[in-house]
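Q: With the hints in hand, could you dock these two chains into one complex?
From first to last, the protein sequence lines are chains A and B. Just so we're aligned: 283 in the working numbering is position 283 of the first sequence, and the numbers increase by one with no gaps anywhere. Numbers in the working numbering are just positions in the second sequence, counted from 1, shifted up by 1000.
Simulated from the structure, these hints should not be mistaken for laboratory data. Hints should not be assumed to be uniformly reliable.
What the hints assert, rightly or not - Here are the computed distance ranges between Cβ atoms for each label pair:
id : chain 1 : residue 1 : chain 2 : residue 2 : range
1  : A       : E153      : B       : F1061     : 19 to 29 Å
2  : B       : L1060     : A       : G220      : 55 to 65 Å
3  : A       : P347      : B       : L1388     : 18 to 28 Å
What the hints assert, rightly or not - Chain A is nowhere near these chain B residues, computed Cβ spacing over 10 Å in every case:
id : residue
4  : K1182
5  : L1227
6  : G1335
7  : L1416
8  : L1491
C-beta: ideal position from N, C-alpha, C; glycine also.
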Amino acid sequence: MTTTTDPHQGQFRLSMLLYDSRYRSMTIQIIALIGFLLLLGWIFSNTAQNLTDLGKEPSFRFMGEPAGYDINQRLLEYSNQDTHLRAALIGLLNTLLVAALGCITATVLGVIIGVLRLSPNWIISRLSAVYVEMFRNVPVLLWIVFIMAILIETLPSPSAFRKGEASLSLWDSVAVTNRGIYIPEPLFTNTLGNLHLFGNSSLRFDVSLDLIAILAVFIGGLLTSGLIKRRADHTQEATGTRPTTWYWRLGVVVIPTSIVLVLLGLHWGYPELKGFNFKGGTHLRNSLIALWLALSVYTAAFIAEIVRAGILAISKGQSEAAGALGLRSNRTMSLVILPQALRVIIPPLISNYLNLTKNSSLAIAVGYMDITGTLGGITMNQTGRELETVLLLMLVYLAISLTISSVMNWYNESVKLKER
Amino acid sequence: MSDMSYVRSDMLPERTPPASSVGFVGWARANLFNGVVNSILTIVSLVLIFFVLAALLPWLFSPTWNSGSLNECREILNGHEGACWGVIHERWQQLLYGFYPNGSEAGTVDQRWRPNLAFLLLFVAVIPVLFNMISRRMNWVLLLVALSYGAYAVGGTLGMITVVVLLAAAVIVGYKAFSTDKAARAAEIEAGAKRLPNPLIFSAIFPFVVPFLLWGGSIWVFVGAALGFVLAGLAYRYLSAAVGSLAGMIISVLVAIVWWLFLIGPFASAMDAILPIALEQIESRKFGGFMLSITIGVVAIGISLPIGIVLALGRQSDLLIVKALSVGFIEFIRGVPLITLLFVASTLLNIFLPPGTNFDIILRVLIMVTLFASAYMAEVVRGGLAALPKGQYEAADALGLDYWKAQRLIIMPQALKISIPGIVSTFIGVFKDTVLVSIIGLLDPLGLSNAIRADQAWNGVVWELYGFIAFMFFVFCFSMSRYSMYLERRLRTGHK
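Excised from the complex, chain B in its bound form (with noise of 0.2 Å):
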């Protein structure tokens, strides 16, 4: 036996792949330069986008961000090309808050505590409705901190004494959050603990506190219409019993409707005289910039929601009439551009209603936005309700569910979560269509940048201001759609 062999016993070490396919060399040679074409085509943008950043930067990076005028703009610059930066330092707060006081005129308060606090708040109001990421008790300490800004915002000792029990409510509730784990927490509640209150409930009361915050007034008026919910649920439970959850609906409805109607002034009254407490109030008309876009989209989204889901429903309905109208008043809405409910909200709202009736124009804006909205919202709840397969409804019927509980336990629940993804691109479509109001002369980045203009010291200023506007709406929108995004994946159950 001789120790030679023919057959490797062994293998070779693997030789590296040639320097021109790894690396970004092999990068580059993959993606950009396989063919002739793309090499063009990859040669000509490279080409593009030289020049369009070689015009922007230099303009983009121009020292003229402590100017007061465009002329010192001008002198800044001697004769080369570059923004006016100086406009965006002098106005941007007025671009974000429009008129809303801030403490520059005499005998007022600094308020802008009051729209930074509601925008806060709407983020710890949306979480639990959004995100599934977050823990009951991190929404809790959010909310504390966001409390505590407010507390701070108010000043007096009063107030930094709430901040401090606030930050240390806030402080031990975020400790324990991160120091135990969700397992041991699950142990914990199993033997007994207490849980902390779902954290739904102040997304509820969200939508009454945010009118308070920013239109001021009373706190009763605002506790007043919330209690005119808890009544109709009260009247619902009590009744639902005794008559029957139709009749008891419509009992709990009219509950509802003569509290709002009749009595909520003379309660309103009572507590103020009992306990007065408000904030300072504030005209609709001293709204405007981003804080006025922000506000109308998220009204109009908040309410909207409800309201379509009810005419969708009427869309999907076996009801005739029911139906008719809701796919009547669905495409009507869907069929006329917005300006034309814009022109409604500014000329004709008020001849529909009662002869002296006048209220501002930024709520009737806020109705003619909210039905507009309504009507596309209807359509993605639908979508939403299309997509559910007939067995779920055909479950739900031999479970012996009545419509609405059928609806409420399984049908909402699912085509809600289905349409999340097109709720937030109708909200960020109607965010965008509020700078529809600058043109019936409400005060909105775009109808304030052209009162900007108007300004002696500004006449001329275009591209900053523009610039300006377009590149915080991409914020929004673009962070919003991203999240559509996120969403999407994860809502994607993988049935397919």
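Chain A with its partners taken away, still in its complex shape (with noise of 0.2 Å):
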């Protein structure tokens, strides 16, 4: 069939490259792509040019010299004759520390404020909204500081300890001074050892046997744990009964765990004063605290909205429907209203967790060591390598985000409603 918008089959002209529109599109993306490369040859050649210039060449071989500095936080062994990549690798791990500990505290924390702004009581509701305002009003930098300025100027010294003017907290356990707070550490009598993954080298990796063990005994009773659920689930289908399970469950947890528990030789080590300062136990420098406290309180608020958001959108018929079913009011929350204000609620949640990460970058401002501070700061600054030292960055947080969305992103595939 022919109509009249058919392109008539003439001869290729030059000036259908424009006008043309079956050939248009190909001229513009052409025509684009030649710009971007053109773009990104003269910056190329520029930088060339610049580093030649300065009498740098371009490479990573500075990753591989001693980093000769020290780095106070850290999650596994380093002294500075290591190398700049093990310095990054620990603040590397200090990022994704202080991320997964702020993402936590920050959830649980906007979650509570979100539903307690919805509350029927004035006051709470109130209080809730002055919180929001004014955590999310503020820049996040501002709150880190503040905040590592109270723990600073308000807690005790050590020497305060000393002198009897302060004493430890909960149960002579945790010790809060203005250096920190030392918590117990957990000690094992007859410890497995570490696995050395890496043997020697820069990423060398020590992973706790102990810790392997619990969390295996661990998983699997909450395995167990699940297969009771599931065979109580059947017997209630099957005779409409519910078999009471619950001491079976907790069991199958707890029994095994703390067997493990008992067999290392579980025991506490605390904080004690020795010299002019706590020894024993885990320090939690004031550095990571604020960071983790001001990133928490900060997305705190802006969770809360998208909490609050989440919940005013499912509609009040479905907690009447619940109501009509005869469910009490938190079975209402749990199996109507939170099933559905979730699928609103995660994909905003995501990209406040990759902010909470993003933000977790201004360790810099309280010399937290984060991978900001290590290879975007005294790597940067001590090997005069900006180039590597700044792609480098951008690589890790970009492989972050990438990650982080990724899983998230299907999660909430998983969770999304299924549309026929």
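A: Encoded structure:
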């Protein structure tokens, strides 16, 4: 069938590249590509020229040289004789640590505040509104330095403990000082030792076998408990009565885990005052705490708004229908409102986790040695390799961002409404 | 027939509700003490509020406004807890303007009227874009008042005469605006009265006025920059009829680029020779405080909006390569923290440019923050584009509009309207993020606070400075977020 809009089969002319809609998109794309490549080439040639002038040949060899600086808060062992690569790895783990801690506390706090903001109690809802507005309208960097100042200025120094002006809290187990917080650390008498990964390289990684054993038993217990639940479900469907299983389900988790802990000889190492400072226990430095707290309270304000919007997005008919079915209010929340609200809540929640992770780069303001502080801070200043370090830094953050968003998107897909 | 009746013929007057369910008591019973849990929560929060206020208020109202150093504050307070407001009293101008010349050094003149005027003009320029509750004439009145402030600050006989003229014009226009109501005015226009020009004209000029005010130098450079746009527009108008819209657009862009790169210098120097109008030049390193934050925020948002629109269109486009480039740019920028981009600004941007290029750090920061904001802006605009019903695109196609006409006349006006709240919250985000520039050593409020604390007299002052900065940010951001909520309500046209 021929219609008037069919292209006539004429000869190809050069002007058709511009005026014929069949070719025009091609032309535009090729022009765009050429323009982009030209820009890229221009930047590359400039960079090469400038670097040659400065006498800096781009190379990543400096990553293998000794770093020469100390990192006070670290998850793996590290000394200043280790390489820049290892320093970057320590920094990366610190970034992930504060991001993970921050995401957890921000979610807990945000959900509580968001639900409280919908409370019928006038004072409570007003207080939550004040919280939200106060924290999200002031830059997070300001909150970080503010909380750091609070920690340093108001908490007692270790010498106050010596003079008896301050004392350990929580039954003499936690020391809250202006140099950080000392918490008890778990110690094992019959320890299984560590698993050394990656030999002696810069990426060497010690994994505690004790931790693996405990986690394995614990997760095994959880899986067994899940099996018991499924059997209970089957019984309920078949007979109509649900067997009481809570003690079984609790037991298979708690008892094996406790046995393993006893076998390993778990005891606690408490912080003790020695010399001018506390020794023993795990030392959480001020910088970590300030960053963690500030990121949590700041992001919690955003999460609270997301949670509130998510709950409000569920139409009133849903809770009324649940009420008509005879569900109690907490079951209405957990079985009807939350599963639907989660679909609204999760996508913006993901982007807030990403924001929190990216904001953790502000650690540099309080001296917490995350990857920005190590790779983008001291390593960059010591080696003068701005191009390489900033490039690596960006790639690391890009990788973290893409990983978080893909994991979270996968989760989002799995809870999404299955439309037919 | 008796008069007796068992049916009441008139209603009894309503009884007043019991005292426990009206007034404050009733409100409190319904909202604060309905149930055990709620009562406990209420009491706990009241106690909490009491303790916070009991600690905060005496600290806040401490009589130290006039003290000249931390030690003086301590003497005044005499052992009591209290804030040392002397630091704010002494340094608030620095926190607002940074080291912008204030006439204190010998041989300098107070130039702070320039950022003030720029700030006033910002409101005048933004109002017709964002609000529609104010009439055209009121907007011109505001502009005249703002300009008369500028003329007053310049001073001199000529300045004073200008002030009088401007104020008189403002009074006349303002009087007419208040004396005629909307209907009468509409009838006048119907009968052939001239309308005042659209205030959006000033909003379009504004981006060229502000750099001139803030950085100073010859006015002709900025006039020349604006002329580039005018030339491109003229070229497009006349060429598109002759060679078609796409070729016309390419040529007009080339015309503008050639003008900016090669002809603007000769033009400016020629005009300078004829009519020298210039303001004293201020180096960017003197910018600081909230003025710097606002400058970075406003410039970044202003420039990122057009870039963001282009990127959003690129991301939505059918052209694969264009789409890939846009997605790559947006996701890259959104995937890295702003601080790494600021590192690029402080250490790498000069390396990327031809050897010998060296422009100042504030301009470099502006470029990177603008790129950062454009990626976020692109996502906001894309949200607006996605929210439009497909019928709008199809209707534009059915009318036979080409791509750009459809975007300009049908799609963009609606998509941008939907995304205004998102744009405002992006602005709030960028404005808050400007404090990050203190990490690379610029003197924004936070950077200045470190400098002030390094001063002998104020060594040890923490809360007052941080509190003041936080309060200022809160005022700016909170009012903007309220405004965005107002917009959301106003723009909700109720089709849902």
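Q: Against each hint, give a clear statement of whether it holds in the structure.
A: Hint by hint, here is what the structure shows:
no. : hint                         : result
1   : A:E153 / B:F1061: 19 to 29 Å : holds (21 Å)
2   : B:L1060 / A:G220: 55 to 65 Å : holds (57 Å)
3   : A:P347 / B:L1388: 18 to 28 Å : holds (20 Å)
4   : K1182                        : holds (36 Å)
5   : L1227                        : holds (25 Å)
6   : G1335                        : violated (4 Å)
7   : L1416                        : holds (22 Å)
8   : L1491                        : holds (17 Å)
The structure does not agree with numbered hint 6 stated previously, though it agrees with all others.
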